[in-house]
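J.: Read off the chains here:
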Amino acid sequence: MWRLGDEAALAEAWRAARPFPHVVVDEAVVAPEALLGVLEEEPVERYVADLYDFDATAPEPTTEAFRKVRARFAGAVAPVLARVTGKDVARADMRAFAYRAGHYLLPHTDYQVELARQLAYAYYLPSPEPPVGGELDLFDEDQRVARVIEPRANRLVVFDVGETTLHQVREVLDGMRLSLAGWFYA
Amino acid sequence: MIVVGDAVTEAEAAAVRASGGAYARYRRIDQASYEAAEGVPVPEGIVRIAREVTGRDLRVVDGRLLRFVCGDYTLAHHGYVEDHAVELVLDVSLAAVPGAEVHYRRRGRVVFAMPSQPCALAVVERGPTITANHTYLSKRLREAEVIRLVARLRDIVG
Numbered sequence: 001m002w003r004l005g006d007e008a009a010l011a012e013a014w015r016a017a018r019p020f021p022h023v024v025v026d027e028a029v030v031a032p033e034a035l036l037g038v039l040e041e042e043p044v045e046r047y048v049a050d051l052y053d054f055d056a057t058a059p060e061p062t063t064e065a066f067r068k069v070r071a072r073f074a075g076a077v078a079p080v081l082a083r084v085t086g087k088d089v090a091r092a093d094m095r096a097f098a099y100r101a102g103h104y105l106l107p108h109t110d111y112q113v114e115l116a117r118q119l120a121y122a123y124y125l126p127s128p129e130p131p132v133g134g135e136l137d138l139f140d141e142d143q144r145v146a147r148v149i150e151p152r153a154n155r156l157v158v159f160d161v162g163e164t165t166l167h168q169v170r171e172v173l174d175g176m177r178l179s180l181a182g183w184f185y186a
Numbered sequence: 001m002i003v004v005g006d007a008v009t010e011a012e013a014a015a016v017r018a019s020g021g022a023y024a025r026y027r028r029i030d031q032a033s034y035e036a037a038e039g040v041p042v043p044e045g046i047v048r049i050a051r052e053v054t055g056r057d058l059r060v061v062d063g064r065l066l067r068f069v070c071g072d073y074t075l076a077h078h079g080y081v082e083d084h085a086v087e088l089v090l091d092v093s094l095a096a097v098p099g100a101e102v103h104y105r106r107r108g109r110v111v112f113a114m115p116s117q118p119c120a121l122a123v124v125e126r127g128p129t130i131t132a133n134h135t136y137l138s139k140r141l142r143e144a145e146v147i148r149l150v151a152r153l154r155d156i157v158g
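Going down the list, the protein sequences come from chains R and Y. Letter 183 of the first sequence, counting from 1, is numbered 183 in my numbering, and no numbers are missing. Letter 36 of the second sequence, counting from 1, is numbered 36 in my numbering, and no numbers are missing.
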């Protein structure tokens with residue numbers, strides 16, 4: 001189901017990426033619409049804090065179908081990413097996110113020593129209402145936007161987790177940005 | 001923690017807005033995005049309200065004007081954490097802005113919210129477990145502008 005393409009090219013892209021290591025893989029899933037069906041049974045709640053405002057599933061999937069999606073994703077993608085990035089990654093968590101108009105995730109890093117996150121990822125699902133806004137911004141060390149990644153359907157983005165890997169999700173101005181996202185761990 | 005509506009008149013709010021001088025943009029986006037003018041005089045009227053509300057003999061430590069336009073915010077880990085200080089937030093905006101609030105949090109949970117309400121004053125007794133953030137101002141509100149006078153007060157000692 002998951003296809004990341006040529007590993008050597010991915011590894012080169014990872015090393016060359018600025019402002020910090022990341023890769024963007026388009027057409028990452030053979031039949032992305034099937035994932036939407038799995039999510040129909042998964043409860044969604046609104047999460048609001050000073051840093052963010054979005055709708056999402058719980059940190060741990062509640063349905064067996066979603067757990068299988070997570071397991072298949074980690075099983076297929078983690079070994080490839082371990083070779084591409086040189087990081088010792090084996091398992092991944094996964095939540096589904098819906099950013100509607102007015103939703104956002106402000107600049108932050110995902111780095112927390114105690115959580116041991118190695119890589120962050122976001123996979124953009126096909127949306128019935130493609131979003132305006134919702135881009136993923138990656139910031140350089142001067143906190144300027146150095147890379148803008150559009151939330152294009154069937155695109156997988158993987159990026160490094162570190163103390164300086166500052167990023168944000170721009171506010172969605174219209175439509176809905178649907179994604180699966182989380183982190184890879186050792 | 002309390003909000004006092006119409007703590008100042010519109011004319012007094014305008015005078016506070018005009019007292020700010022030059023704004024400087026804060027540039028640590030992992031903490032906040034806004035403009036600030038430092039060393040702003042704090043109207044005696046709102047200090048008097050703070051004394052009455054808290055029952056404490058307070059003096060002004062500092063006052064600053066914060067200006068927020070669309071896309072601006074402060075996060076809870078930005079700014080000072082004070083023990084026993086009183087914080088005053090006076091909304092001197094020209095108009096109310098939907099969703100533009102000041103949130104005071106304890107262990108991440110909002111325990112007090114100051115709404116967007118021109119001429120209203122929030123009086124907050126800050127402790128080391130209380131953080132505060134100014135909520136994100138939506139980019140869908142292109143012309144919106146929020147201006148708040150934030151003043152810190154302490155007990156007069158001796």
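By construction, these hints were calculated from the structure, which means they are not laboratory data. Here a beta-carbon is modelled for each residue, glycine too, at the ideal position from N, C-alpha and C. Please note: incorrect hints may appear among the correct ones.
As a list, the in silico SDA-like pairs of lysine to any residue whose alpha-carbon atoms are at most 25 angstroms apart [to be verified]:
hint : chain 1 : residue 1 : chain 2 : residue 2
1    : Y       : 139       : R       : 176
2    : Y       : 139       : R       : 153
3    : Y       : 139       : R       : 26
4    : Y       : 139       : R       : 37
5    : Y       : 139       : R       : 68
6    : Y       : 139       : R       : 128
7    : Y       : 139       : R       : 152
8    : R       : 87        : R       : 164
9    : R       : 87        : R       : 41
10   : Y       : 139       : R       : 40
11   : R       : 68        : R       : 37
12   : Y       : 139       : R       : 117
13   : Y       : 139       : R       : 145
14   : Y       : 139       : R       : 48
15   : Y       : 139       : R       : 109
16   : Y       : 139       : R       : 140
17   : R       : 68        : R       : 19
18   : Y       : 139       : R       : 98
19   : Y       : 139       : R       : 127
20   : Y       : 139       : R       : 32
21   : Y       : 139       : R       : 56
22   : Y       : 139       : Y       : 57
23   : Y       : 139       : Y       : 17
24   : Y       : 139       : R       : 144
25   : R       : 87        : R       : 176
26   : Y       : 139       : R       : 173
27   : Y       : 139       : R       : 102
28   : Y       : 139       : R       : 174
29   : Y       : 139       : R       : 87
30   : Y       : 139       : R       : 130
31   : Y       : 139       : R       : 55
32   : R       : 68        : R       : 13
33   : Y       : 139       : R       : 108
34   : Y       : 139       : R       : 47
35   : Y       : 139       : R       : 17
36   : Y       : 139       : R       : 4
Non-contacting residues of chain Y with respect to chain R, defined by C-beta distances greater than 10 angstroms in every case (computed) [what the hints assert, rightly or not]:
hint : residue
37   : 9
38   : 28
39   : 71
40   : 73
J.: Are the hints correct? Go through all of them and say.
T.: Quick rundown of the hints versus the structure:
Simply put, residue 139 (chain Y) and residue 176 (chain R) have alpha-carbon atoms about 16 angstroms apart, close enough for the 25 angstroms limit, and the pair holds. A threshold of 25 angstroms between alpha carbons decides the hint, and for residue 139 (chain Y) with residue 153 (chain R) the separation of about 24 angstroms falls inside it, so the pair holds. With a C-alpha separation of about 29 angstroms, the suggested pair residue 139 (chain Y) and residue 26 (chain R) falls outside the 25 angstroms cut-off, and the hint is violated. Taken as a hint, the residue 139 (chain Y) and residue 37 (chain R) pair is broken in the structure, with Cα atoms around 32 angstroms apart against an allowance of 25 angstroms.
Distance check on the hinted pair: residue 139 (chain Y) and residue 68 (chain R) sit about 38 angstroms apart at the alpha-carbon level, beyond 25 angstroms; violated. Between the alpha carbons of residue 139 (chain Y) and residue 128 (chain R) the distance comes to roughly 23 angstroms, so the proposed pair stays at or under 25 angstroms and holds. Straight-line distance between C-alpha atoms of residue 139 (chain Y) and residue 152 (chain R) comes to about 21 angstroms, which keeps the hinted pair within the 25 angstroms bound. Under the criterion of a C-alpha separation no larger than 25 angstroms, the hint pairing residue 87 (chain R) with residue 164 (chain R) is consistent with the structure, at around 17 angstroms.
A hinted pair counts as satisfied when its Cα atoms are at most 25 angstroms apart, and residue 87 (chain R) with residue 41 (chain R) does not qualify at roughly 34 angstroms. For the given pair, residue 139 (chain Y) sits about 30 angstroms from residue 40 (chain R) by alpha-carbon distance, which is inconsistent with the 25 angstroms threshold. Straight-line distance between C-alpha atoms of residue 68 (chain R) and residue 37 (chain R) comes to about 13 angstroms, which keeps the hinted pair within the 25 angstroms bound. Proposed proximity of residue 139 (chain Y) and residue 117 (chain R) is contradicted: the alpha carbons are some 31 angstroms apart, above 25 angstroms.
Distance hint between residue 139 (chain Y) and residue 145 (chain R) is fulfilled; the C-alpha atoms sit about 17 angstroms from each other, no more than 25 angstroms. In summary, the hint linking residue 139 (chain Y) to residue 48 (chain R) is supported, as the alpha carbons are separated by about 17 angstroms, within the 25 angstroms threshold. Distance hint between residue 139 (chain Y) and residue 109 (chain R) is fulfilled; the C-alpha atoms sit about 22 angstroms from each other, no more than 25 angstroms. Note on residue 139 (chain Y) and residue 140 (chain R): the hinted pairing holds, with a Cα-Cα distance of about 23 angstroms set against a maximum of 25 angstroms.
With a C-alpha separation of about 34 angstroms, the suggested pair residue 68 (chain R) and residue 19 (chain R) falls outside the 25 angstroms cut-off, and the hint is violated. This hinted pair checks out: residue 139 (chain Y) and residue 98 (chain R) have alpha carbons roughly 18 angstroms apart, not beyond 25 angstroms. Between the alpha carbons of residue 139 (chain Y) and residue 127 (chain R) the distance comes to roughly 22 angstroms, so the proposed pair stays at or under 25 angstroms and holds. Note on residue 139 (chain Y) and residue 32 (chain R): the hinted pairing is violated, with a Cα-Cα distance of about 31 angstroms set against a maximum of 25 angstroms.
Taken as a hint, the residue 139 (chain Y) and residue 56 (chain R) pair is honoured in the structure, with Cα atoms around 22 angstroms apart against an allowance of 25 angstroms. Distance restraint check for residue 139 (chain Y) and residue 57 (chain Y): the Cα-Cα separation of roughly 41 angstroms exceeds the 25 angstroms cut-off, and the hinted pair is therefore not satisfied. Only pairs whose Cα atoms come within 25 angstroms are accepted, and residue 139 (chain Y) paired with residue 17 (chain Y) is accepted, the gap being roughly 23 angstroms. Between the alpha carbons of residue 139 (chain Y) and residue 144 (chain R) the distance comes to roughly 19 angstroms, so the proposed pair stays at or under 25 angstroms and holds.
The suggested pairing of residue 87 (chain R) with residue 176 (chain R) is violated, with an alpha-carbon distance near 33 angstroms, which exceeds 25 angstroms. In summary, the hint linking residue 139 (chain Y) to residue 173 (chain R) is supported, as the alpha carbons are separated by about 7 angstroms, within the 25 angstroms threshold. For a cut-off of 25 angstroms, the pair hint linking residue 139 (chain Y) to residue 102 (chain R) stands: about 8 angstroms separates their Cα positions. Taking the CA atoms of residue 139 (chain Y) and residue 174 (chain R), the gap is about 11 angstroms. The hint holds against a cut of 25 angstroms.
Simply put, residue 139 (chain Y) and residue 87 (chain R) have alpha-carbon atoms about 38 angstroms apart, too far for the 25 angstroms limit, and the pair is violated. Annotation: proposed proximity of residue 139 (chain Y) to residue 130 (chain R) holds, straight-line Cα distance about 18 angstroms (limit 25 angstroms). Taking the CA atoms of residue 139 (chain Y) and residue 55 (chain R), the gap is about 19 angstroms. The hint holds against a cut of 25 angstroms. Among the hinted pairs, residue 68 (chain R) with residue 13 (chain R) is inconsistent with the structure: their alpha-carbon atoms are about 29 angstroms apart, more than 25 angstroms.
A C-alpha spacing of about 19 angstroms is found between residue 139 (chain Y) and residue 108 (chain R), which places the hinted pair at or below 25 angstroms, so the restraint holds. With a C-alpha separation of about 19 angstroms, the suggested pairing of residue 139 (chain Y) with residue 47 (chain R) holds against the 25 angstroms cut-off. Distance hint between residue 139 (chain Y) and residue 17 (chain R) is unfulfilled; the C-alpha atoms sit about 29 angstroms from each other, more than 25 angstroms. The straight-line distance between the Cα atoms of residue 139 (chain Y) and residue 4 (chain R) is roughly 35 angstroms, outside the 25 angstroms bound, and the hint therefore fails.
For residue 9 (chain Y), the shortest C-beta to C-beta distance to chain R comes to about 32 angstroms, beyond the 10 angstroms cut-off, and the non-interface label holds. Interface exclusion of residue 28 (chain Y) from chain R breaks down, the closest Cβ pair being 7 angstroms apart, not more than 10 angstroms. Taking the minimum C-beta to C-beta distance to chain R, about 8 angstroms, the non-interface status of residue 71 (chain Y) is violated against the 10 angstroms cut. Residue placement check: residue 73 (chain Y) does not keep its beta carbon more than 10 angstroms from all beta carbons of chain R (closest about 6 angstroms).
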